[in-house]
Structures are given as C-alpha cells and as structure tokens.
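A.B. asks: Each chain, written out:
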Amino acid sequence: MPSASLVFQSVVLGVLLGGLYALLAAGLTLYFGVMRVVMIAHSAFLILAAYLAWYAHRETGIDPLLTLFVTVPLFFAAGVAMQRLLLTRLRPATLTMMSVLLTFSVALVIEGLLGYVFSGTQRRIRLGYSSSSIEFFGARVAVVKLIAFGMAALALLGLYVLMKHSRFGQALRATIQHREAAQLLGIDTDRIAGYGFGLGLATAAVGGTALSLDTTIYPSLHWHWIGPLMAIIVVGGLGSVPGAAIAAMTLGMLQSLLQLELSTTWAQTVFYVALFVTLAVRPQGFFGGRLAQRF
Amino acid sequence: MRRDSDTLSSVPFPRRGLLHLGVLLAAVAVAVSFPSMAPSPYEITVGIAILNYAVLSTSWNFVGGFTGYISLGHGAFAGLGAYGTGLLVVEAELPPFVALFVAGALVAVLAVPVGYAALRVRGASFVIVSIALVLVLLLVFQSWASFTGGSRGLVVPRPFPGMLRAEHHRTFYFLFLALLATALLVWWAIDRSRFGMGLKAIREDEDKAQSLGTPTYTYKLVVFVVSAAFTALAGGLYALWFGDLDPVFQFSILSGSYMVLMALLGGVRHLYGPLLGAVAVGYALEYAKVEYGDTPLHLVVAGLLLGVVVTFMPDGVIPAVGALLGRFRDSGGTSIREVTAAELRGRREQSEGTEVRDGERSGRSA
Amino acid sequence: MSEAEGAPEVVPDHEPEPSLATTGLTKAFGGVTALDSATVTFHHGKVNALIGPNGSGKTTFFNCVTGMIRPDAGRVAYRGRDLTGRPSHRIARAGIGRSFQLCRVFPRMTVLDNLLAAVRPRSLAGQLARAGGREETERARGWLARMGIEHLERAEARQLSWGQQKLLELAGVLMSEPELILLDEPAGGVNPALIDRICDLVRELNAEGRTFLIVEHNMDMVMSLSDHVVVFDCGRPIAQGPPSLIQSDERVLGAYLGV
Amino acid sequence: MIRTHRLQGGIAAATLALVLTASGCSSGSGSQESSDDPIVIGVSLPLTGDFSEPGKGVERGYKAWAKIINAQGGLLGRKVELKILDDQSNADRVVSDYEQLIGRDEVDLVFGPFSTRLVVPSARVAEEYGMLFVEPAGAAPEVFTQGFENLFYAAPAVADDHYNHLAEYILAMPESERPRTVAYAAMDDPFAQGTAYGLKDKLEKGGIRTVADEVYPPNTTDFGNIAAKIADSGADMVVGGTQYQDGVNLIVALQQLDYQPKMAAFSTAPTEPEFAKAIGNKTEGILAPTGYTQKADYPSNKEFVEKYTEQFGEAPEEDEANAYTTGQVVAAAVEAAECASQDPDCQGKLVEWLRGNTVQTVVGPLKWDDKGRPQSAHMIQQWVDGEIQIVLPEAQQETGPVYPKPKW
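Residue numbers (my numbering), protein chains in the order written: chain A, 1 to 295; chain B, 1001 to 1366; chain C, 2001 to 2259; chain D, 3001 to 3408.
These are calculated hints, taken from the structure and not from any lab test.
Take the hints with a grain of salt, since some may be wrong.
Derived SDA-like pairs (lysine to any residue); straight-line CA-CA distance at most 25 Å [to be verified]: (1) LYS3277/D to SER133/A; (2) LYS3063/D to ASN3281/D; (3) LYS3302/D to LYS3282/D; (4) LYS3302/D to ALA3066/D; (5) LYS3083/D to ALA1166/B; (6) LYS3063/D to LEU156/A; (7) LYS3282/D to TYR116/A; (8) LYS3407/D to GLU135/A.
Construct the entire structure; sequences and hints are all you get.
C.D. replies: Spelled out as structure tokens, the structure:
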C-alpha cells in the first residue's frame, strides 16, 4: 500500500499532467468542432513547437518561454493556412475520413523533417532551474512542471474568455453548434473555421513550449501524445471544450494514480480503456453535447 | 472506371472475357515463375515483402474500399495474427498452420467487440478507435512480458525445421501468393454480391442506404471482421516466415498507414488497386532505402505521397490513369461502342442540369 | 407489393384505416423543441400530405418516424405495429420508404446499381448471391422506364440533372417495395413539367395500392394531390382533414401568414 | 468495357516489369578470390530511427577500423571494403539487409548491427547461411540462448555481468555499512534491463532487499511518477537500467524530489560526454559500468584512440570501441584461418578458430564460451571531483570508490 504522501504526490503530478492534456485536447476539440476534422497532426505540431523552443534556447540561450511570442502567431497562421489551403480542398462527403489521412500525412512530414534536421537524438532543454523544486503541503513539485501547468492553465483561461466573451468567440461557438444556422445569422463560417483552426494550432504552440521545459523530445514522440488526446476528446464528447478539459483532468489523474500500483506502461492503457468503454456504453461521450451523436 | 459490377448492366461479349482471362493467366504465370527466375534468395524475400504488403492492403480494402471507412490501425490485426500464431505454436504447441488459422479465427472473434465500439458511431470515432487499437495493443504486448515476451521479443519456431533458407523463402513465397489469391477472390465475390452492393451503398451514403433497408451496422461489422481475419492471416503467415516478433514492429501505426497508402494509391474501388499500390509502394520503399537510406526522408516521402493522393486523386491511380486514357481515346476514338445514342442524349441533359446540381451540392455541403 | 397488384382495397371515407400513427412524439435539439408531443394519424391507401411553415418540425417528424433520429418521447406505429426507436433499416423493412429533402442518390454508382442497391435480400444466401440477377434487373429497368430515365441506366448518378436525380431517388425507393412512401418536398427545385410528371406518378402508384405521405410547400400540388392533409406548427399538428377543409382553416392561415 | 480490360492488362504488365527489374538489378561483387579484389564486409546499421545515435557510433567505429587496417596493407594482403546499409532501426529491414548482403551482394564477411532487438533476427540470417557473426551490441542474455553457433559478442561482458565488480564490492562491505535496501528502475529493453537485473540477482542473493522495481517503456519522457515511487521507498541505493536520455531524465526527476541515496548506479548515461552538462553538473558520486576506457593501455587501444581522434576529431566512446573490437576479432580469425569468403569451409574455420583462441583487442583480451558469451568483466566508473574515473576493480582503479555518495 503506497504511503499517503506518495498518493498526494501522485495527485499533484496528475493535476499538473492533466492541465497540459486539457489544453492540448481543447485544441483538438476546436478543430473537430469547426471542421469535423480529427487532426492527427496536432501532436506533431506540439513536438515541432517543443523543438523550436529547444533550438532557440540552444542557439541563443534565451528562455524557451520567450519563443511563444514567435511560435504562437506562427502556428495560428499555419492553422489558418492549413484549413484554407488543404482541408477545404477535400470533398465534404468524405471530409472526416480524408482529413484524417491528410493530417496524418502532415504529421509524417513533420516527423520526417524534424528527424532530418535535428536527427533522432533525444533532446532536452537544460535550464538553470531544471532540477529545482518547491515544497507543496509535503509534496515536492518541480518548478518546471509548475511553470508548464501555469502556462496551460493561462492559455485555457484565455481560450475560455475568448470564447465566452468576445464576438469572435460567439461566432466560433455558433459555428461549432450549428454551422448552417450560423450562416443564416450572417456569420462567415469559412473564415471563422479558419480562425478556429488557427486557435487550435496555437494551443499546440503553447503546449509544446510547456512540454519542452521538463521532458525529452524526439521526432516520433508525437505518437505518444496523440493516442491519449484522442481518447480524451471522445470521452469528453467530441466537440465539447469543457468536456475535453474535464476528461483530461480525470484521466491524467487516473493515469498518475494507477502508476502507484501498476507499471508505467499499464497505467497508460487507462486512456484506451476509457475510450473503448465510452464508445461501447455512451458513444456521445460523458460530458459532451449533441454534436457527438452523429460522429 | 468500371468494375465487375458494371457487367450487370451491359451485355457481356466473349472477346472481353477472353482478354481478361489471358491477362490474368499471364500475371499468374509471372507470379508463379518468379522464384525460379530470382538470381538469389534475396530477390525472393523482396517478392515476399511485396506480396505481404499486397495481402495486407487487399485485406484492408475490405473495409476501406467497400464501406469507405478508413482504418489507420489495421497493423493491430496483423500484429495480433502474428503474435496469436506465434503464441499458439510456442505455448499451446499447436502445429504451425493449425495455429495460423486458429489465430485468424481468434482475431475475427476479437474484431467483433472492436467493431462494435468502432462502428456504432460514424466517421471520426472509427478512425480514433483504429489508431487507439494499435497504441493500446503495443502497450499491452510490451507490458505483459510474462506471456508475450515483451520487448525481449517472441521467437516463432520454423514450421519446416530442416528446410534450407532459400527453400524456406520459396515455400513462403507461394504461401503468400495463395493467401493473396484467396483474398482477391473473396473481395471479388463480395464485390459482385448483393452484400457488396449494400456495402458500396454505405460508402456512398450511409443514411440513404439504411433508409432503403440495408442493415448498415451489421454489414459494416461483418466486412470489418472479414477484413480483420485476412489481415491476421497475413500477419500470422509473416510470423511463421520471419520468426522474430517484437511489439514495437508488430503494432506500428506506420505499417497500418502503409496499407492505407497502398490501397488508396492503387484505387480502393478496384479489385487490383491495393495490389498495384503494394507493388508500387513496396518497390518505392526498397528504392528509397537504397538511394536515400540514411535519412528519415522516407517518412517525408510517404507523407507527401499520401497527402497528394488524398488531395488530388482520392480514387487512386487506376481511375486517374483510366480517366486520362479515356480522354485520350475519346479525342481520337471513332469507335467507342459502349456510348449509345441514348447515353449521349443523357450527357447533353446532364450538362443542362449542371447549374442546378452545383447549387444543390453547395447546399448539401453547407 | 408490386405494380402488378392492381387497385387498392376500397375503404369507406368515413372510417379510414390507420397507416402511420404517432402518439406524443417529442424531440428537442439542445434547447429547441422541434417536435412537441405530436399525435397524428395518416390514412392507409391514401395520399397524405404534411404541411406547415419552415421550422415547424416536418423534417424532424420524417426523421423520427423513419428511425434516422431517436425521439425523446412518444411512440411511432405503422398499421398497429410499434416501430418506436427501431433503426431505420428495420423501419424500411416494415414497408416504409422515404425520399430526402435534398434528394439523395448514390452519386458514384450507376443509375441501374442505384436501384439494385435497394434490393433487400431476405436470406443469407440471398445476401451472398450475385447482385443484379435477371429478375431484379428486369424489375429495376421497369421502374427506370416508368420514370423515363431508362436510357441513363449506365450513367453515374452524379452525372444526372437535378430532376433526373429526383426521379432516380423515387425509383430507388420503389425498388425497395414499400407500402408507404414518404416524400420530402418532391417538387423542390423542380420545373413545372416535372412536377406534373411526379404528380401523375404519385396518382398512378397510389392507384396501384401505395400509401403516400408527402411534405411539400407547393400548395397547388398538395391540394390537387392529397386526400388527407395534416398541418404542423411549432412541432405539433394544428389541423387535419381533407384539403378543402384545410384551405379554409383559420389556424392554418394564422400559422402561414402569421395572422 | 474494352478500355477497362486494356487497363488491367497494362497493370499486369507494369507489375511484371517492376518485379523483373527488382530481380534483374542484382550485381554481385563476385566471390572469386584474388589478391586484387577487396574483401567486402557487409553491415546493416540503424542509421535512422530510434537507435540511430548509437548506430552512427558503431558506424564510425567500423569505418575507423577499415581505415586503420587498410593503412596497414589490409587483410591477407587484400583491402577491406565496408558495405553499410541502413535498417531504419527496424527488424524487418535488418533481416532483409543481411539477406541482400549475403544473397545478392555476396559479401565475403558480415559484421553485426546495433541493439539486441536487431541482433537476434539478423544473427539468425547469418546462422542459416553459415556465416560467422561477430556483433558489437547484443549484450542481453536472450542473444545467447537462441542456439546460435556462429555468434560472438565483441565486448568484455554480457549485460548481466556488467555490475559484477560493484556487486562484489558491496557484498564485501561490513553488514552495518552496506546499503540495506535498493530501488531499481529499468527501461523495457533487453540490454538495459539485463544490467539492472544482473545486479539485482546478485544483491538479493547477498541479502540486500529490493524495495522498488520499476520498468518503463523506451518512449517514457516524464519520470515524475517513477521518481516519486523510488523516493518514497527511501531506498539506500538506486540502480537505473538506463540508456542515455532516460537516465538523464530519471536522475533529474530524482533530484527534483531531493532524494539522496547512499549509492546510485546507472548504466550507459553517466559515461556519455554530454552527461554532466545534461544534469546540471550534479554528478557527484554516480556510478556506471563501462566496457571501455580510452585510457586503457592495451597496445592496440593507443593506436585506435590516436587514429580515431585524428579521423573524427574526438575520442572514441564505448559504441565505437565495441565496433572496432568487432573488426579486430574478425581480422584475427581471418588472419589465422587465412581465408575470407562465403565458402562454408572458410566460415567454419573462422568460427572454429574463435572458439578456441583469445583475441587481443582495445577492450583487452577476449575469449568466449560455447554460446559466444565473452568471459571478461566491465569496469566500474564513478564521478569523483567532477570527473568520471575508474574505481573498480582495484587493479585498474584511478581512484578509490566514494561511499556513501555525496549529495547531488
């Protein structure tokens, strides 16, 4: 039986991990919401952002957090471009299936190019505060993990405010809810979809930078992320940002706690078990809206 | 591009059948005589690799081609077939080829609950489940080391212990060829059946098909299971041939995506599409390895190829080439016998209807 | 039932045999109630019409009774048989065929295959049998001939004009041998000549024994064609009866004109 | 309709053409022996993919060996030529590579690839074609239990035995001083696990308790939870069955939790030149086994270090040294048997000679048991005063081991 302090430590780690999952899953949810697209390349962009942070740090020694000022706008633009130039080319009838393949191929290209440019070596940013930690009610929390969590939480909060309280956010939510109806209201849904896509990709930029602070990165790492993220958006209910956030926190915590009794590998299966159970029992997801019913 | 189902609506004339038969026999003759023409066992192993790809992508095409559901996780079934066969031989001490078919059957049974979860809701969830299946099986087969051997791998004993390596390759070449022939035959049989007609209707418009009385869910599930079983047989045969299994290589997203690439490249609506795609991609992979071996650019190439196929010729090369040839023949052709006067009139009517249809389409896509 | 089966049984006007009937059918999307406890009965052997302003729940009604979406509450019955919550292929097999508002055909199948895909084999052997046997091909050609599009049988459906696609869709529905045919805006986007053609077809097919339920905005068509009209507003029936009565009903005028 | 079947014919023809070109492009390098012909040595290495980093190290080692031996006039008076293929860290490819090298390219000799996962399948190909298979990287116990008769591991010891000197040292301590509890964490990889569990077996036999035993997959990037469990166990000693980056991550995660064991041993990572910087120079007292040291005074090692440094601009590490050792072992056998070709007699003679003889290499004199296991042991190094130094065995030590280890 694990000690109470270990359990508490795991809970803290679970929350920190869940925060990052929540941010990234929010991005995936946005793509799905606006375009009905499962964006396999999301985690590849995540790793790309982490590499950019690492590279900038290695070359110039600047703090990886500063790269956000470049990567966030860059990724936003890339998202808009991807939606406008690639996804709109696909036939609406087969959009969902073909977009998976298209984004999958984007992921392969990114992975291949990262491997080509930076080689397959595992990389890690070395910061002065890498191994420092602070005490938190008896649990030790690494400073870098705390920063990563803070970034994720801030980005999620920003996203929330944007979606709830801005005109753009309203248009975005309307587009997600009911595209035809949004069009009738005079919303340029194509443009909104593009921005929604850009916003989703921007979360990958934030997430990637956060990720680079505390973990090793390598080109094929994105496969390690995409599975849990997809499971999260299904469990949360496809298209529901709050659902994704709740599912992310829950599953992140579960994974962390399961590691107490199981090996790391077994603990990771919690995402997939949750995915299969959700689809078998409640295909629309546990926290989601009606969107999920037909997808 | 017309397929066998079109013969339904046309009067067959014998010359065409003979030509078809001739081409088929020639292809079979080449395939059968290949091992004896190969200068070294290495060429046979390349042949086996391509045949293996062909069986896998043809098996994939039972789901992808008929129903239009894209599975990125068929590598999971191949891996299960391989490990199932290996474990049945090692643990249950079944004879190798009995183990192969038992493993195929077990995977088919397992595919039922997977299909149940994956096919209940449409589209996106299916893809997600297919990818998740590979990832979770990788974790399970790595973790459950006491049973699967974990990352230490599983060694599958040779089915023909005394056989020299070259002879071993030759034997398996023919076994793979036989499996490919079976898969193609079954695909062809489904393609021309009412069951196949229902599946194709699902691919075109699932709601509509169901409203006409097609039990879409059952149909999808059945063809999913058939596809999984063939994929598992290919994986199992591979295990018997190759001998060394490692979860990392058996449960790989990349191998599943190659199946998709091959089938899509060749043309999912065509019986020989995946086969052609497998030959092309298999050959290209071999070439890329020799020419650009020491960089990860093969991933970039595969990604770009997949992207181009998806964006510009989602029906694959066969229809694209067919259309090109068709245009060529139309421009120079005076003897296009199959275009009747009535059809020409139909075409005129179509062009009149174009405007309306475009309006309709944008309406539907909205 | 096939076209050879002759005239419908004579049912006295005062006591119509029920065809499709719903009780308390309710469906809400998010906060919007599309169907609000709709109780309605249609008449067997007749041409029924369902009318109402945009957004009054007609299409949702169609989708609920054909199993495309699950109602939140209420029951659906066809000739006394409960069909509530059945999947749409079961409902099709119970003898109910439908067309779609924006006409749906299988775009990349040939015209003939579009019909052959509507054949419903009953046995396992039937499923595995080769599609397009002589009998069913003949039957399909018969329907195409009746629609006047037999010359297009080898064209892909997407190559057809809008009107031809409408006819093809109807032929496909007929191929699946329904007793009751639900048509969602059969005259939508169609030229007047074709509307007449469709009206004639409906009359002929009704005379051969098929029941129709038509959602339509073209009032001339509804009034000339139907025996029984149900008017929907805000997700529930507000009036029903023969066309002559409906035309003068105040509530109907109110619903349409906002009076 | 005619069109359709023309097309199908075309497809068949195209298939035929592709298959024929695939088979027609073989060009063997010839197997007749003459003193002008170079001796062609076939190798497949993971130059891309998961094992590419060590794979490239092994490639450098092989290249250094070929350059040095050619400068000395080659083998049996013939130049040696390496034919290196990339297996993309993939078992399918590695097998197909050796099929190609042996079958199509008809190389005279083969060297082994990198990583246990790739060694076993490729050794089987060589075995079945009757080729001698000396390999630089398959140290895990599984490699030697497959019944291979032509396989030899060109390094001092198999993975299980890497910590032998450390185990002896610990068990020789007085009971009151030695660590009482140990936490193990090993990557799910036959080599990495082999090192940790080899030590575990020996310590458990000596009565030292295991209080944590974690296995993590190779793709693990977040070690927070594993570190938490180890720290919570309060073990006196931590042993990591690690490769490079996971070792760094694990150590950083342990440091984040301020876990201070009395002894800490990790395989591979601490011997890498980047290590100290990677963990922020908090290296004090970390132990690691190594099979090679640049400072070893075996005659061939001085030449190797010097010429390698000249060729590549930096000193060789363990992977490079093991590859070089492979070359030395094969060369010794070839010189003794006076032949180098695929001829079964020749390969048989090579194998037989290695069975009964000792070879002088850059990692010391090597001889093998009947399964191909080398019979020497690894040295133990420790970070002392900001430098990694050999502490065990005593005969080779540069400084005495530090115990208990200072805080990190």
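A.B. asks: The structure should be examined with respect to each hint, and the outcome stated for every one.
C.D. replies: Structure-based check of each hint:
Restraint check: the Cα-Cα separation between LYS3277/D and SER133/A comes to about 19 Å, which is no more than 25 Å; the hinted pair holds. Of the pairs offered as hints, the one joining LYS3063/D and ASN3281/D is violated, with about 33 Å between alpha carbons and a cut-off of 25 Å exceeded. A threshold of 25 Å between alpha carbons decides the hint, and for LYS3302/D with LYS3282/D the separation of about 31 Å lies outside it, so the pair is violated. About 16 Å separates the Cα atoms of LYS3302/D and ALA3066/D, which keeps this hinted pair within 25 Å; it holds.
Between LYS3083/D and ALA1166/B, the direct Cα distance comes to roughly 22 Å. Compliance with the 25 Å bound is thereby established for this hinted pair. Restraint check: the Cα-Cα separation between LYS3063/D and LEU156/A comes to about 52 Å, which exceeds 25 Å; the hinted pair is violated. Distance check on the hinted pair: LYS3282/D and TYR116/A sit about 32 Å apart at the alpha-carbon level, beyond 25 Å; violated. Between LYS3407/D and GLU135/A the CA atoms are separated by roughly 19 Å; this keeps the pair inside 25 Å, and the hint holds.
In summary, the structure is inconsistent with hints 2, 3, 6, 7 from the numbered list given earlier, while agreeing with the others.
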